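Number of protein chains: 4
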Amino acid sequence: MFAVVCHGKKDLRVEQQPDRELAPDEVRVAVAFGGICGSDMHYYHRGGVGDFSIREPLTLGHEVSGRVLETGSAVRGIDVGAKAALNPSKPCLHCPWCREGRSNLCNNMYFLGSAGRFPHVQGGFAEHLILRQDQIIVVPPATDLLKLSVAEPLSVALHAVKRAGNVFGKKVIVTGSGPIGLLTAKAALFAGAAEVVTTDIEDKPLELAREKIGVHHTVNVAKEPDGLQRYAHAGGYFDVALEASGSAHALVSLFSCVRRGGRIVQLGMLPPGTAALPVNMLQTREIELVGSFRAHDEFELAAQMIVAGTIDVTPILSGTFPLLDAEAAFQQAGDRSKVVKLHLALGPDA
Amino acid sequence: MFAVVCHGKKDLRVEQQPDRELAPDEVRVAVAFGGICGSDMHYYHRGGVGDFSIREPLTLGHEVSGRVLETGSAVRGIDVGAKAALNPSKPCLHCPWCREGRSNLCNNMYFLGSAGRFPHVQGGFAEHLILRQDQIIVVPPATDLLKLSVAEPLSVALHAVKRAGNVFGKKVIVTGSGPIGLLTAKAALFAGAAEVVTTDIEDKPLELAREKIGVHHTVNVAKEPDGLQRYAHAGGYFDVALEASGSAHALVSLFSCVRRGGRIVQLGMLPPGTAALPVNMLQTREIELVGSFRAHDEFELAAQMIVAGTIDVTPILSGTFPLLDAEAAFQQAGDRSKVVKLHLALGPDA
Amino acid sequence: MFAVVCHGKKDLRVEQQPDRELAPDEVRVAVAFGGICGSDMHYYHRGGVGDFSIREPLTLGHEVSGRVLETGSAVRGIDVGAKAALNPSKPCLHCPWCREGRSNLCNNMYFLGSAGRFPHVQGGFAEHLILRQDQIIVVPPATDLLKLSVAEPLSVALHAVKRAGNVFGKKVIVTGSGPIGLLTAKAALFAGAAEVVTTDIEDKPLELAREKIGVHHTVNVAKEPDGLQRYAHAGGYFDVALEASGSAHALVSLFSCVRRGGRIVQLGMLPPGTAALPVNMLQTREIELVGSFRAHDEFELAAQMIVAGTIDVTPILSGTFPLLDAEAAFQQAGDRSKVVKLHLALGPDA
Amino acid sequence: MFAVVCHGKKDLRVEQQPDRELAPDEVRVAVAFGGICGSDMHYYHRGGVGDFSIREPLTLGHEVSGRVLETGSAVRGIDVGAKAALNPSKPCLHCPWCREGRSNLCNNMYFLGSAGRFPHVQGGFAEHLILRQDQIIVVPPATDLLKLSVAEPLSVALHAVKRAGNVFGKKVIVTGSGPIGLLTAKAALFAGAAEVVTTDIEDKPLELAREKIGVHHTVNVAKEPDGLQRYAHAGGYFDVALEASGSAHALVSLFSCVRRGGRIVQLGMLPPGTAALPVNMLQTREIELVGSFRAHDEFELAAQMIVAGTIDVTPILSGTFPLLDAEAAFQQAGDRSKVVKLHLALGPDA
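Chains as they are written, first to last, in this note's numbering: chain B, 3 to 352; chain P, 3 to 352; chain Y, 3 to 352; chain L, 3 to 352.
Warning: the hint list may mix true and false statements.
[Said to hold, decoys possible] Below, in silico cross-link-like pairs of lysine-lysine (DSSO-like), each with a Cα-Cα straight-line distance of 27 angstroms or less:
{"id": "1", "chain 1": "L", "residue 1": "Lys164", "chain 2": "P", "residue 2": "Lys164"}
{"id": "2", "chain 1": "B", "residue 1": "Lys214", "chain 2": "Y", "residue 2": "Lys214"}
{"id": "3", "chain 1": "B", "residue 1": "Lys164", "chain 2": "L", "residue 2": "Lys164"}
{"id": "4", "chain 1": "B", "residue 1": "Lys92", "chain 2": "L", "residue 2": "Lys92"}
{"id": "5", "chain 1": "L", "residue 1": "Lys214", "chain 2": "P", "residue 2": "Lys214"}
{"id": "6", "chain 1": "B", "residue 1": "Lys340", "chain 2": "B", "residue 2": "Lys206"}
{"id": "7", "chain 1": "B", "residue 1": "Lys164", "chain 2": "Y", "residue 2": "Lys164"}
{"id": "8", "chain 1": "Y", "residue 1": "Lys149", "chain 2": "Y", "residue 2": "Lys340"}
{"id": "9", "chain 1": "P", "residue 1": "Lys92", "chain 2": "Y", "residue 2": "Lys92"}
{"id": "10", "chain 1": "Y", "residue 1": "Lys164", "chain 2": "P", "residue 2": "Lys164"}
Please keep in mind that the hints were generated in silico from the structure rather than gathered at the bench.
Everything numeric in this text was worked out from a predicted model, so none of it was measured.
Let the sequences and hints guide you as you build the complete structure.
In structure tokens, the structure reads:
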């Protein structure tokens with residue numbers, strides 16, 4: 003079968019990969035669509051993401067949907083031919099974090115398309131993919147598999163909003179309006195936020211945020227560098243901030259516009275190394291800065307929401323490329339003035 | 003009356019200050035003892051603390067106990083002659099934070115001996131002090147006023163432990179074993195922590211921590227710079243960290259030895275400016291970094307605990323100086339190899 | 003001025019009441035609309051509500067909107083002629099509950115139209131009403147005052163949903179689909195509940211629930227007494243239940259269909275006396291049964307939501323009667339097969 | 003091997019039971035001591051506990067300690083001959099509750115000596131016992147196995163205190179001063195409760211509570227039926243109540259002496275059927291009534307606390323009977339004027 007394999011910085015190849023036998027609890031799927039994530043882009047552009055570097059060829063991709071091809075001998079309740087959302091997260095189910103309901107922090111995680119462990123976990127930009135049965139969320143036959151491939155980034159957004167605590171009736175800011183930022187804004191609105199403001203350095207995603215996502219106000223911080231200062235008076239304005247840009251500058255800007263006692267959720271991944279933070283502001287204002295990392299339990303909810311149409315993910319879909327044009331897709335995916343999220347068509351269902 | 007007034011960096015004067023009339027809801031007390039806090043030391047040594055600078059002469063001191071001299075016409079339930087713990091915190095009682103049980107974050111706070119607002123709020127290193135009636139916690143006649151003056155730093159420790167969430171049965175580390183660090187360790191033990199480890203760069207306070215406070219283990223991070231590495235494996239060891247040293251280096255060291263999903267409470271004040279933090283570790287490990295600032299509601303509890311002997315504050319008492327020797331006290335107070343906390347004797351009860 | 007005064011069971015009179023002078027912090031309003039609440043009905047039909055009985059003539063009504071007529075000398079920011087939502091809750095602002103953000107539990111509450119204290123607090127079914135300035139929420143001139151009078155019951159619904167914890171992504175049941183039940187279902191949907199089921203003993207409000215409120219499923223427990231049993235298997239189905247019917251039978255039915263570890267919020271008021279509950283089920287399933295009483299901090303949010311159209315309260319409006327026909331309104335208000343909520347028109351703005 | 007088997011009401015027999023082969027993940031232990039619990043007493047005296055009835059012969063007992071005799075082929079880290087605390091709780095590890103850190107609510111639990119499922123789970127009052135390896139908590143050779151057998155009831159107390167939320171600095175009442183009540187009071191003190199009051203209908207356990215456990219005050223509600231009324235004024239006194247008596251009367255008495263917004267934890271099991279509760283008080287005071295059922299994750303902590311001597315369980319030990327005198331032990335165990343907890347000596351280590 004063919005797969006989109008990153009051999010290092012700027013070295014992306016569509017090449018043959020061997021299939022293998024299924025273990026009893028595994029399922030083989032034909033992948034339909036794969037969304038290109040910021041982390042895929044980082045692997046492509048600089049050979050790594052955050053503190054992880056590519057040390058062997060890595061099939062990218064973890065935002066995938068597909069159709070069941072074959073099931074292992076012990077698999078129950080999953081029919082060959084069924085459409086499915088594919089959870090890229092395979093936690094061990096035994097470590098303390100798995101036992102306390104925080105499987106996304108599993109101490110022995112296998113996450114699709116990640117160089118976070120060695121050997122790397124090969125990803126989902128491939129014709130076929132083998133997953134453990136609990137990673138397969140079967141969906142109705144009429145489900146749109148392109149939209150369904152957004153279940154993973156939507157689950158990340160849902161998880162971030164959960165990490166924010168209860169946002170019902172609260173004032174919320176989301177910095178960064180890429181796919182994750184936009185979905186996070188959507189999730190915050192869905193969770194009953196009274197007011198949602200988003201920022202970006204491009205106009206196009208902010209227009210989307212206002213017109214398609216329904217946020218109340220947007221700030222282009224490239225054009226209006228002091229645009230958040232209006233929220234900085236009288237002890238701060240926002241109850242909750244969700245930092246989805248991965249920019250240290252954006253993170254720092256939040257310390258003055260978040261309310262005393264407020265909460266900042268860091269879900270964007272910053273460049274490697276440290277960031278200079280105003281810790282004394284955090285201390286004297288009793289701000290809470292908390293990390294949000296991927297998702298796990300929210301994946302099924304995300305898939306259900308897409309199936310039911312509860313959350314419309316169409317606004318973030320920017321186009322689909324054939325598998326063989328993967329590199330072209332990666333090159334265009336970085337143009338944030340035009341593109342929110344691009345997809346690869348990986349199989350016959352696409 | 004005499005007071006200990008800081009006119010700027012290294013310029014500390016014991017000088018006459020005028021008394022004034024009481025408002026109807028105010029109480030005049032004769033101060034007995036005043037504990038010298040780290041922030042008093044910062045005012046003395048560099049003319050400011052954190053981001054606050056001295057802009058006019060400032061009477062220092064906010065860790066005080068005393069005896070009631072006179073009560074305003076509307077004061078009820080406070081008798082002249084009564085001994086009292088003196089809460090240095092006077093919140094407005096009307097702002098949103100005061101209304102939601104977070105008066106320590108009051109938007110219009112008057113805190114004794116602080117340059118945080120202008121005109122500055124004059125402090126308690128003085129013979130007489132005027133407070134609003136709710137700042138007076140009357141105590142039994144037999145109460146030891148020297149110990150009682152520790153109610154304020156103890157309240158800061160209690161508040162920090164509350165900010166940590168429920169520490170019952172948890173593993174806790176406290177970085178920095180000055181007065182606040184030691185009281186915080188004591189408070190964590192009192193709150194049912196299963197294991198408490200403390201650090202410092204001096205042996206003397208660590209000895210105290212083990213022998214008088216009852217912590218389970220100590221690490222001298224000056225002698226053993228990698229001493230916390232033993233806690234860094236397998237997803238991290240401590241459920242909760244309380245950073246009481248005000249050192250960015252200590253704070254950074256906690257990100258690897260706190261458990262995934264764990265909580266770091268920053269209660270020490272760092273030097274002015276920013277600190278370089280490993281934000282990606284915070285994000286991918288879902289660590290919670292939260293500020294803890296002073297205290298308010300915990301003050302009465304702290305005073306009661308000292309009165310009842312529930313928490314013994316004797317281990318942190320290092321000696322008392324007469325008012326006129328204030329500058330000598332300030333000079334000795336910085337020698338952490340010998341001193342935990344020094345006090346000034348400010349009145350006839352001392 | 004005229005007012006709707008209850009002199010005891012079935013003794014409702016529209017009669018003259020004297021006006022009085024304003025205190026400096028008070029505001030006189032001309033009431034526009036007043037919604038008839040279940041508690042008003044209880045006063046009328048049996049001379050009391052819950053454990054409170056009428057001991058002197060009581061002007062009923064606490065769901066009111068109006069227009070500012072006159073302001074006391076110390077009032078700021080409220081203009082004569084402004085339309086306003088009128089918060090019936092006047093907490094003392096000083097007791098421990100007021101200080102910790104739970105003013106609805108104030109130890110010295112004055113709540114409009116309530117026999118909960120003596121002398122009773124006279125209510126809002128009157129031409130004029132005097133309130134403390136913080137009870138006045140000024141709204142834009144174009145606001146529909148009939149809808150705005152729903153701010154109080156909506157605030158009760160918002161508060162109940164807050165008492166449920168975070169309902170985002172959760173499965174929720176609301177028992178009882180009267181005005182409060184319907185608004186609670188709406189609030190739960192707004193707060194991101196993944197699934198909402200409502201019950202009642204009449205078809206009409208359930209039809210409303212499905213067609214106008216948007217709940218996913220309804221059960222008529224009069225027609226289908228075992229209708230909730232489908233949710234009782236495998237450890238229970240609902241994460242959260244909100245009991246808004248005031249029926250002990252409904253409450254008991256929830257213990258088997260709420261998930262182990264789930265939460266039941268009791269916001270309906272039961273008949274006086276005790277109710278027989280399966281406490282062993284609560285214990286062995288670790289169910290949380292928590293009270294929800296009125297609201298306070300949520301009132302302003304409720305008014306804003308109505309003004310902004312975020313929540314449409316139109317579905318619960320069933321008709322308006324002139325002040326002089328108050329008794330006819332009270333008689334019709336009890337026919338739940340036809341009526342959700344009736345209003346009185348109390349002044350020139352109605 | 004011999005075991006203490008209940009064949010129905012008042013029918014307790016010490017009789018031979020067959021041993022069986024170990025599964026690969028199982029461990030055979032020689033039981034040393036077994037504590038007689040209230041539920042064992044209920045099985046003996048009325049043939050059932052709560053809503054569970056004996057439907058086949060049931061070996062009683064779940065408070066046990068012992069020594070490892072044999073380990074299955076897949077067992078790691080447990081040596082033959084080691085002393086061990088024995089966790090009676092064997093959750094499935096796969097159901098939603100096991101996955102979210104609430105294994106005590108497991109949907110497919112096997113709990114020693116319980117008629118809660120059929121076939122019943124045979125208990126630990128036996129010479130030998132087979133457990134899954136994760137039920138074995140190995141302890142140091144010098145550990146006192148009699149004290150160690152208290153790990154299970156102590157874990158129940160620790161769990162109840164966790165269900166109470168954070169009790170640090172809070173006022174706590176425990177109704178019922180049997181073994182669980184006394185251990186709960188101890189655990190609340192250990193967790194930093196500022197004040198602990200206990201009740202009972204016998205003087206002897208209250209004396210113990212004051213003199214050995216360290217509670218601040220006790221009330222004999224048999225002698226002083228209105229003894230809790232002193233706590234009922236001004237909105238209530240206690241922040242937290244822990245109901246450990248299993249008496250509906252005790253539970254009802256708490257609604258007036260718990261503070262508005264306070265929390266009642268029901269850990270005692272009431273007689274079968276329902277209890278008449280003042281639900282309107284719960285609603286209007288926003289009281290939280292929550293169940294606490296057994297424990298699971300707290301078992302290891304309880305064992306460690308006993309090993310380390312952090313909590314001294316000696317005060318609740320009232321005597322030990324040989325296996326063959328089991329029925330005599332059961333008869334004496336009910337005399338609460340003399341006995342707190344009796345043990346059976348079940349093997350050579352006893």
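Open item on the list: Tell me the numbers of any earlier hints that the structure contravenes, in ascending order.
Closed with: Failing hints: none at all.
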